[in-house]
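Sequence order for the protein chains is A and Y. Straight run, no breaks: the first sequence in the numbering used here ends on number 653. Straight run, no breaks: the second sequence in the numbering used here ends on number 1316.
Mixed in with the good hints, there may be bad ones.
[Stated by the list, open to error] Straight-line alpha carbon distances no greater than 30 Å define the calculated DSSO-like cross-link-like pairs of lysine-lysine that follow: (1) K299/A to K1111/Y; (2) K1268/Y to K299/A; (3) K1268/Y to K1184/Y; (4) K560/A to K538/A; (5) K1268/Y to K1208/Y; (6) K1106/Y to K299/A; (7) K1185/Y to K1216/Y; (8) K1215/Y to K1111/Y; (9) K1185/Y to K1276/Y.
Rather than coming from a laboratory, the hints here were simulated on the basis of the structure.
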Amino acid sequence: MTGLKAPNDPKSSPSIAANHSGGVTSVMEGSMAVAQAVKACRPAVISAYPITPQTHIVEFLAQMVADGELKTQYVRVDSEFSAASVIGGASATGVRAYTASSSQGLLLMTEVIYYLAGTRLPVVITGANRGVSAPISLQPEHQDSQSLRDSGIIQIYVESAQEAYDAHIQAFKIAEDHRVLLPVMICMDGYILTHVFETVTTFNQAAIDNFLPPYDPLHYLSPERPMTFGTIADENNALEFHYLLQEAMQNAKKVIEEVAQNYGNTFGYYHGGLIDCYKTDDAEVILVAMGSTVSTLREAVDLLRLEGIKVGLVKVRCFRPFPDEELCQAVKGASAVAVLDRALSMGSQGILAVEVKAALYNAPHRPLVLGELAGYGGREVTLEVARTIVERARQALESGIVTPLVDFVGLKPEILDSTRLGNGI
Amino acid sequence: MESRYGNVLFSPGHRACPGCGASLAVRTILLATGPDVIVVTATGCVETFTSPYPYSSWGVPWLHPLFENAGAVATGVELALKAKGLSEKVKVIIIGGDGGTLDIGMGSLSGMFERGNDVLYVCYDNEAYMNTGVQRSSATPVGAATTTTPTGRASWGKDVPKKNLAAIALAHDIPYVATASIGYPKDLVRKVKKAMEIRGPKYLDVHSPCPIGWGFDPDRTIEIAKLAIQTGLVPLYETGYGQTLKARRIGKVKPVDEYLRLQSRFRHLFERGDKEHIAAIQAIADENITRYGL
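Full structure from sequences and hints, please.
Shown next as structure tokens:
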């Protein structure tokens, strides 16, 4: 690891710190890990609307409410648009609020998410990542959440069920920090993380309460002190509103790192702050990825290093705010960077690849950057895929040429057959 | 922002047009509710003219979310009050225009009715999208010219009748549904007060003439509002789940052309001597009188 080490390197010995906080380790579904975390955060309001692959999360929460284990106002709404709107109204009234969605649901929420950010409402939303129609697909892509990148919502991408649990507890603390006051989305790959069964260590309520005190709102709706929310701002004032939002995003960089470190110190799990680096110090080729792909790539890095290939990995954990400085620092020694994207800005490039290139443009050292669509369309990212990508990076280094700009990894060759231009009859 | 007018719940000096019916509606409603409310306002005229940053006319806590989600946002406010143990003390009101209510916000509103949230929804009905420049909404009455239903050789204005949202609200079996008019402020105050006493979702449609959009002199707002009622075109009534509908009797009914003639949105009917369509509008009023027992 470079730079962003948690004190005491808790990753190597989670059980020690975990014991102090009443950690219990068991095998559970990723969605259950999220539901357990959300329950422990004591949101006053939860809104729920079904969409695959997010649905298990709100189903588990509904059962907790039905069993009397979770005291919250749980509301079944008429759409994702309403799901996001309900938590906005609740947050404006000064309470903690949560919802979850995927794919079309996140896109339907888009207008509300801009509103939540602009009105500085610190809600937490789980984005169970899934492709966007058409064609309709249930498989994991980042196209849904990354389409929200310009809205002002903080986005953290997790790589395991454990991180999903930990990140949700961190999310409320980040969102509600008075230096931030922004909505936070925890993004987790659909199925690969929402439906996987993994060992997850959860912590007791007292320990979570201690880490995450009750929400202390700065501004909220109350007849005792009437305030106006959601005013109309003209050309004399709108720019300043936007500036303040951008400033809050910049503040969030520090807060996200702080909260991740504190969580690591308290509970023994640190998954990175803005980024996490793996064997990057001497790496010639560095892979950059987000989400569940990262855990596959860790293994790929180990295997390729056994073969003598100097490869490393940067996990972009926080996509908004984008960790441009941290990323430049992390890849400064590398000759080539291969970005694995689960999303494509149609007509342009992989969304993460564009961000990485923009971050590196003014850096004193600029490695070659390859844009690899891997996992896009929900196609599996295997160790073999990782090997292919590293090989392409090494070829690019030899030739000095990066082509194509957008590499559809694993594309069926028959799609290139020009006879498809007919109507097929 | 806090009100600079102490306990004035709706301050003057806002940017409504002269003769604005909607601003009268808001002032009258808040007179009836008192200060212990949180108001959610859908995007529209009221939102725009009351909250140009850094000013606010609101002496009550007020939230403007989006155009189409007031019902859901108010649900969140109500649930938060419940979670805080304040739901007996503080009530939630939505104030939305007809576009935000009958058109784009209808899904969110229907959801709120179905869930049974303790919220009073007030629609200030000025019968078109006035904030964007008088475009037709589903509340625009048949025959009215708007900028998206202009008259011309092939058009006599909007060619379908007004959506009956009060009936749709009632179909949700909610405890209170009423219509009111800024022309009858005592009736409006009474209905708001009554609604505030009832737990659950309530719907109140307040007919609110718009001098700009309808084309009449600003000093005639109340006169026009009264004529809409006196002709039977807008029925005033209250009802609710399991209740008999109670209508306000008109007394001496006036012919619809007395109402239509004063508004330039209907001018083409008279200029063209379009007796057929005037008769069709008269038939709507006659039907209302029979149907609601006006």
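Structure-based check of all given hints:
| no. | hint | result |
| --- | --- | --- |
| 1 | K299/A to K1111/Y | holds (21 Å) |
| 2 | K1268/Y to K299/A | violated (41 Å) |
| 3 | K1268/Y to K1184/Y | holds (21 Å) |
| 4 | K560/A to K538/A | holds (14 Å) |
| 5 | K1268/Y to K1208/Y | holds (16 Å) |
| 6 | K1106/Y to K299/A | holds (12 Å) |
| 7 | K1185/Y to K1216/Y | holds (25 Å) |
| 8 | K1215/Y to K1111/Y | holds (15 Å) |
| 9 | K1185/Y to K1276/Y | holds (23 Å) |
Checked against the numbered hints given earlier, this structure breaks only hint 2.
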